[in-house]
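Participant: Protein chains in written order, with our numbering: chain Z, 32 to 454; chain L, 686 to 974; chain D, 608 to 924.
Don't take every hint at face value.
The calculated lysine-lysine pairs, modelled on BS3-like cross-linking and capped at a C-alpha distance of 27 angstroms, are [to be verified]:
(1) K131(Z) x K830(L)
(2) K346(Z) x K66(Z)
(3) K830(L) x K95(Z)
(4) K340(Z) x K830(L)
(5) K439(Z) x K261(Z)
(6) K160(Z) x K150(Z)
(7) K408(Z) x K256(Z)
(8) K346(Z) x K150(Z)
(9) K340(Z) x K79(Z)
In short, the hints are calculated from the structure, not lab data.
Bear in mind the structure is a predicted one, so any value in this text is a computation, not a measurement.
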Amino acid sequence: MKRAITAAAVFTTAVLLTSGCTPGSSSDTGSSDSKTFEFWSFTGIDQKADVDVYKKAHPDVEIKLTEVGSTSETAQALTTALAGGKVPDLVLIQGDDLPKFMQSPENFVDLATLGADQKKADYLDWVMKQSVTEDGKIIGLPTDVGGMAMVYRTDLFKAAGLPTDREQVSKLWPTWDAFLEVGKKYVQATGKPFLDNTPTSVFFQAVNQGSERYYDADRKRSYDKNPQVKAAFDLALKVHAAGVTARQTSWSTGWTAGMGKGDFAAVSAPSWMLHAIRTNAPGTAGKWDVATIPGGSGNWGGSYLAIPKRAKNPKAAWDYIAEMQSPAGQLAHFLMQGSLPTTPSVYSDPQLLAKTDPFFSDAPIGKIYTDSVLGIKPFYIGPDDATIGIELLNTLTSVEQGKVAPDKAWNTALTNVKNALRG
Amino acid sequence: MKPTSSTAAPTPTRRRHASRVPFWVYALLGVMVFVSVFPLYWMFVVSTTDSATAFNLPPHILPGGNFLHLAGLVFDTVPFVQALLNSVAVSTAIGVGQALLCALAGFAFAKLSFRGRNTLFVIVVLTMTVPAQLAIIPQYLIMSKLGWVDTLQAVIVPGLVSAFGIFWMRQHISSTIDDELMHAARVDGATTWQIFWRIAFPLVRPAAFVLGLFGFVNAWNDFLWPFIVLKSPDRYTAQIAIKALQNSRDIDLGLAMSGSFLATLPLLVLFFLVGRRLVQGIMEGAFKG
Amino acid sequence: MLSPGTIEKTAAQPARQRRIHLGVRERLAPYAYIAPFFLLFFIFGLFPLLFTFYVALFDWDPIGEHHFVGLANFSELVHDPRFWGAMRNTFSIWALSTIPQLLLALVLAHVLNHVRLRAATLFRMSVLVPYVTSVAATTIVFAQLFDRDYGMLNWFLGLLGFQHIDFTASVWGSHIMIATMIAWRWTGYNTLLYLASLQAVPRELYEAAAVDGANGWKQFRHITIPSLRPIIVFTVVTSTIGGLQVFTEPLLANPVGGLTCGAARQCQTLTLFLYEQGFGRFHFGYGAAVGVALFVIVVIVAAINYVLVTRIRSERP
Chain Z
32 MKRAITAAAV FTTAVLLTSG CTPGSSSDTG SSDSKTFEFW SFTGIDQKAD VDVYKKAHPD
92 VEIKLTEVGS TSETAQALTT ALAGGKVPDL VLIQGDDLPK FMQSPENFVD LATLGADQKK
152 ADYLDWVMKQ SVTEDGKIIG LPTDVGGMAM VYRTDLFKAA GLPTDREQVS KLWPTWDAFL
212 EVGKKYVQAT GKPFLDNTPT SVFFQAVNQG SERYYDADRK RSYDKNPQVK AAFDLALKVH
272 AAGVTARQTS WSTGWTAGMG KGDFAAVSAP SWMLHAIRTN APGTAGKWDV ATIPGGSGNW
332 GGSYLAIPKR AKNPKAAWDY IAEMQSPAGQ LAHFLMQGSL PTTPSVYSDP QLLAKTDPFF
392 SDAPIGKIYT DSVLGIKPFY IGPDDATIGI ELLNTLTSVE QGKVAPDKAW NTALTNVKNA
452 LRG
Chain L
686 MKPTSSTAAP TPTRRRHASR VPFWVYALLG VMVFVSVFPL YWMFVVSTTD SATAFNLPPH
746 ILPGGNFLHL AGLVFDTVPF VQALLNSVAV STAIGVGQAL LCALAGFAFA KLSFRGRNTL
806 FVIVVLTMTV PAQLAIIPQY LIMSKLGWVD TLQAVIVPGL VSAFGIFWMR QHISSTIDDE
866 LMHAARVDGA TTWQIFWRIA FPLVRPAAFV LGLFGFVNAW NDFLWPFIVL KSPDRYTAQI
926 AIKALQNSRD IDLGLAMSGS FLATLPLLVL FFLVGRRLVQ GIMEGAFKG
Chain D
608 MLSPGTIEKT AAQPARQRRI HLGVRERLAP YAYIAPFFLL FFIFGLFPLL FTFYVALFDW
668 DPIGEHHFVG LANFSELVHD PRFWGAMRNT FSIWALSTIP QLLLALVLAH VLNHVRLRAA
728 TLFRMSVLVP YVTSVAATTI VFAQLFDRDY GMLNWFLGLL GFQHIDFTAS VWGSHIMIAT
788 MIAWRWTGYN TLLYLASLQA VPRELYEAAA VDGANGWKQF RHITIPSLRP IIVFTVVTST
848 IGGLQVFTEP LLANPVGGLT CGAARQCQTL TLFLYEQGFG RFHFGYGAAV GVALFVIVVI
908 VAAINYVLVT RIRSERP
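Could you build all of it, start to finish, from the sequences and the hints given here?
Facilitator: Written as structure tokens, this is what we have:
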């Protein structure tokens, strides 16, 4: 009998504990306190730093920051939440995931109603265009762009008889073909791989340097007909065929390990990638430097802040956006964390130009990355962009793993994309 | 089949024929213990060093001193204490709930006669063949209608349903409780509830306990459904918290392993405390066809 | 309720035929006992299942609209190479994990049943350790151990002079990796189930066999296995059901691969495909269709296994 009572007590306590913890109708996302809001971000972008800055400036505001997961996982969680769960007040959406949400703009607050139309002009227009609907509703405000660069190991370059100064290195590879030649020279000299992989470090960069990507100017899917896409694809195949890569898929265990162990000497790196390198290979501090990327201007990455329609506290969320994403706010974030601002007015700011990174041999990352986005020929990013990109990437990875023959790769890629888009 | 008098004192004849255990058996068992325990040990080693060391070859198999630092990082990255508490709450509720509900229903199926008993039981058994994952989409829609998305009860309440538990309890109650006993109690004027609570339940408490334990362990390790329905970090269970550690683009293996180890630790502790009971429970609850 | 007359009458009858007259409350009591379970069961067990069949007939976007498409999802599924690939992966992983696992469990149970085994409890407990280890944790550990360049397994292979195997890249390799994870977790559990049933087998049978000159192997084949038939049936059926639904291991073994478990979906199982469609791409209807297909497959395969295993003939020495 005693046992039963204990059991029942435990059970009841457990239920009480859990029901006490559930929001349900209770105010969890700040309905009672108008200074609280819930913020979903993805990992690796260090929104926490921004949140801390804001909290210091506004000590009465309570921000619940959640790093939900990767960019796509955060987008999935957002979709799930919009479908009928709890929505955050503020959410960070990566650029490739945004188009799908743009298709159902009724799920978000039109930021113009909160004052965003006055701020529109502060931002790069090609970035801003992505988050404005055809009838002028502003769904998101941009937080950063990736830019592009090629990061390399100075010590390994030296050992291979290559120059180490970043100006000289940048001159070595104005084009991808020249880059390939450098790679071959490196491999010949050291016998070790030059680049980490081709799908991410070559294809994804090259395809972002064109004037059109997977959708044409009429917003129709054109990935299969666009010669620039095919050219980027073939380029990746060419580099793979030359045998100059370590064939480590980006963000895999081997890639992370290899970075620290010097398994490869070069990695394509948008500005947000620098953070990853710093975290993955802390022992290599000071041994890296940043050169320009072969092929010209381009952008990879960039995110937007949006407010879901059912948010409990849109005003507080908007105040945050207005302050932290103003040109001054984005500059401050850049100086702190390295994500490139989307507000061109600060590109000539002396602080930005003078910003260097000791991990990367004091490279002037501000100047290098902003240069890489100037002269961009913006292209339209459509709703299925992420899917198409991933299928193309995966096919190239399969080639790298020896599972798909290079001459069949393009057709395989087209088939895979078609299959992925059907259902 | 009932065990025969194997508990009697061994006779000289028996001793002569109980053969010695061959060496290869111990070798095999040794390998088995090693294989069972090594991954856990490796998890511990990596959680006391860091990623870079984990990737060293030949492997460093001795623990390092980095445990506290990494553990601290784990608690910084995700609300891990909350996650552990959530797991405890959820698993306990499910374990206890299953034991009670299945004891109740199992008793009814085993000892009470009522219209539709056999049909309903067959339905229950049939659902044992149905994978839980099948219904996750509708179950999610139900949860969102109920407003239970991202709550712990969304994980607990469906978890209380265990067809296997009904089967298990019915089996035990059938074989442990005589019809004679029931009948005598009825003759004495006992109500059904009294029979259940005073007679049946105490007799099958060990089986119910084991069922509850299994329910607890399964709930602790459950991944798919919590992964879908829990979205805020302060609702995470331990398993989802581990996945969250793995999420960051900058994958820190040491961090992930540290979190993994911390999430397994409570179960290991529990296992050391009641593991013998668990094993005995499985042994005693032998299936009799 | 009970009247003295009833009791006397019933006392006079043989035990088995005695019936106590129960009042209405008592007759309804059983329903009250099964009610809590069945209430939850209907809401969270049966109804979602039926609803899955319903959703599968729609093109259902959770944040958009849904419209009825009849059996279109199913015909698309049949023509979808990803579905067949996932099916192949599921069966392959299931076979690779279940068969060796159950065989090993049988052997271990037979061995652990030995009367003079020392430290029996220690062995029995350690065999269950994998079962209580968290699945997410296990997957991360094993994925690292199987890494192409830096995993311990490949390092060991290298020592023996073999080339490193890229487990996650190859179909077979990824299946072996995942099957290993699953077998590691469940072998101990099944061992104990078998062992428990073995304990009910009379020692005399084994001793008589030993006297007759049967060695360990013959004892195993002619006594152990037939005695375990009911529990073998049970474990085969439950392993089948569980094995065909594998989800967590493929999801976590390849964090980079997202929801496809490999760049070419090398180890994407049906359940992972269901999840990818339902919660990755938010095609709820299509995902539900995968769910229905999975249900049909599980029922068929479990039934087949059941029939096959119940045919183990009892052989008496």
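Participant: Run every hint past the structure and note whether it holds.
Facilitator: Structure-based check of all given hints:
1. K131(Z) x K830(L): 24 angstroms, holds
2. K346(Z) x K66(Z): With a Cα-Cα distance of about 9 angstroms, the restraint between K346(Z) and K66(Z) holds, given a limit of 27 angstroms.
3. K830(L) x K95(Z): 25 angstroms, holds
4. K340(Z) x K830(L): OK: K340(Z) and K830(L) at ~18 angstroms, within 27 angstroms.
5. K439(Z) x K261(Z): 13 angstroms, holds
6. K160(Z) x K150(Z): The given pair, whose Cα atoms are some 13 angstroms apart, holds under the 27 angstroms limit.
7. K408(Z) x K256(Z): With Cα atoms ~19 angstroms apart, K408(Z) and K256(Z) stay inside 27 angstroms; holds.
8. K346(Z) x K150(Z): 16 angstroms, holds
9. K340(Z) x K79(Z): Judged against 27 angstroms, a Cα distance of about 24 angstroms means the pair holds.
When the structure is compared with the earlier hints, no violation turns up for any of them.
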